[in-house]
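Colleague: Sequence order for the protein chains is R and P. Position 156 of the first sequence, counting from 1, maps to 156 under the numbering used here, and the rest follow consecutively. Position 346 of the second sequence, counting from 1, maps to 1346 under the numbering used here, and the rest follow consecutively.
Warning: the hint list may mix true and false statements.
Simulated restraints on C-beta separations [said to hold, decoys possible]:
hint, chain 1, residue 1, chain 2, residue 2, range
1, R, Trp113, P, Leu1092, 33 to 41 Å
2, R, Asp29, P, Leu1274, 56 to 64 Å
3, P, His1326, R, Ser143, 45 to 53 Å
4, P, Gly1284, R, Asn46, 57 to 65 Å
Please keep in mind that the hints were generated in silico from the structure rather than gathered at the bench. No residue lacks a Cβ here, since even glycine has one placed at the ideal position from N, Cα and C.
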Amino acid sequence: MITPLHEPDLALHVEDLTVSYHSKPVLWDIDFDVPPGVMAAIVGPNGAGKSTLIKSVLGLVPSVAGHVTLFGRPYRLHRRRVGYVPQRSSVDWDFPTTALDVVTMGLYGRLGWLRRPGRGERREAMQALEMVGMQAFAERQISQLSGGQQQRVFLARALVQKADVYFLDEPMAGVDATTERAIVDILRRLRDDGKTVIVVHHDLQTVRSYFDWLMILNVRVIAQGRVEDVYTADNLRSAYGGQIALLDQASLVAPDGHDETAES
Amino acid sequence: MSPLELIRDHTIQNVVIGAALLGLISGVLGSFAVLRKQSLLGDTMSHAALPGVCIGFLLAGAREMGFLLLGALATGALAALVMLMLTRNSRLKTDAALGIALSTFFALGVVLLTYIQNQNNAAQGGLDAFLFGQAAATLRGDLWIMGGVTLVALALVTAFWKEFKLVSFDPQFAASLGMPVMWLEVLLTVMIALAVVVGLQMVGVVLMAAMIIAPAVAARQWSHRLESMVLLAAVIGVAGGLFGALLSALSRGLATGPLIILSVSSVVLVSLLLAPGRGFVWEGIRLWQGRRRLRHQQVLTTLYRLALHHDDPAYRSEQGMLDTYHGHHTRKALRQLLQRGLVEWRSAPPEEPRGAKHWVLTPRGRDEAERILDSLGRGDD
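This is chain R alone, in the form it adopts within the complex:
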């Protein structure tokens, strides 16, 4: 195939994407670009279509219009370069399986049909569990894990995919502070290795300290770019409307640089 690459310098390039549920648009004419090697957040009010954006990029939700490329190629040809962490609440954690087994599922795509995970796959899964600090829980029933531990298992399953672009759907929702810290550390390490990390995020307070790229979404794209350019009171107000009044505006968009959670 010698088709010319479309925007090969972008880790993710989304053009004119429109998704509707029944007749109501959930995403409207989205143009979204993420350069490689950044940690990007997608924020927006409830119902803004944040999860739907990730899912339609991954082809899990049909789109009415638009196209998506990863490093210049259609997503279908680049599946192996993508890691995905769905929302923790999207699965039933009472499923009879162990933490190690769930992580091994990240390798099923690479294994292909009819092949079973063997010792090599289990070792890789174990290494991923070690990266998230869960090696002691490898043989634990997933129903017996805490919410934070379950989230780490999900992250390990994505790590084992050894991807170039990671999509995470609300990985910090409802987890304890230790887990949130651990997750952020791992994501930063991925970024420092040149990977691209795209996170649906719900907590505006931490956007500036965790991320370097930002897209503000409310059905349409409100703004996107480097966090310091995009994270402004005007942009947040036009995305959140009245809801922003509920949040402490001063602490959200104060121009100060002394953010104690920032990297040292």
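For chain R, the structure is supplied; the task is to place chain P on it using the hints.
Modeller: Same frame as chain R, but now just chain P:
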């Protein structure tokens, strides 16, 4: 009938082998149905098989097993499809869609059944056996069909094991890996329809759902991995099938299908009650132990606080006062603490007028109370 005659009897052989095959296939496929929260899909498909049986009969003009089963498969699968369309394209929730599909198809089946019966066609004899099953009517030829279907289903489950596992646990992630999730789900659903068809003649459309659900639910209670759950469900299904079939062979005239269902259901009952970790009994014991431990800790820390308040490590507390303080009898708890050496039941010194005995903390009790309060304090901050 002596045991030897029982084994030689052709009808009984057929019934026993058929019941075992049915238990095997429904145990394995039922595990996936239950884990995918589609237990009731089996119920809908089995009820929806009735019009198919009737249509098969009308087409063949006689009780041709092949026609009846193909008809059953067709309408069963059609009902599953209708139910899927209803949930996808309308605002109906799954339970309502299942209910509508089930009752509509079953009503149609009963209407067709009465129509055939009123035709006074001699060949229609025993068609109503499909309602509750008639195991004794199982023929050698039927066994070959059942065996073939079971073999194909087991081969497919083995070949696509990891795909079926992932689609059952996390279909979104499976789709992100590029798995054909819809086709895998269709395959699982069709196989459940096949299991239903296999069981129709034995247990009938009304009870077939239990055969799909019961072995899987029982096995889930005892197992922590999908592998062991599916194996155990197969074993429970086969055992229930064998036991029910033999029971009905020994007792003259009791229906085989319902006896099979009752055997499997009694395994479910025992599993729900007794399975370690998940059973009611264990759950109850754990709850009771937890409450008792908490009550003991409360009494112990009360003694500690009183000692602290009075600045006297050997402060003596009266039984009645402790009862009032806690609002219930504390004697049992104190006895337990006494046995563990955490408190003492000490007489008053002779110089005091009332010689009643009092409860006093031992040094070990003090340490234990401090440990409990510490751990509570850590939880606060």
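Colleague: Quick check: which numbered hints come out false for this structure?
Modeller: 3 and 4
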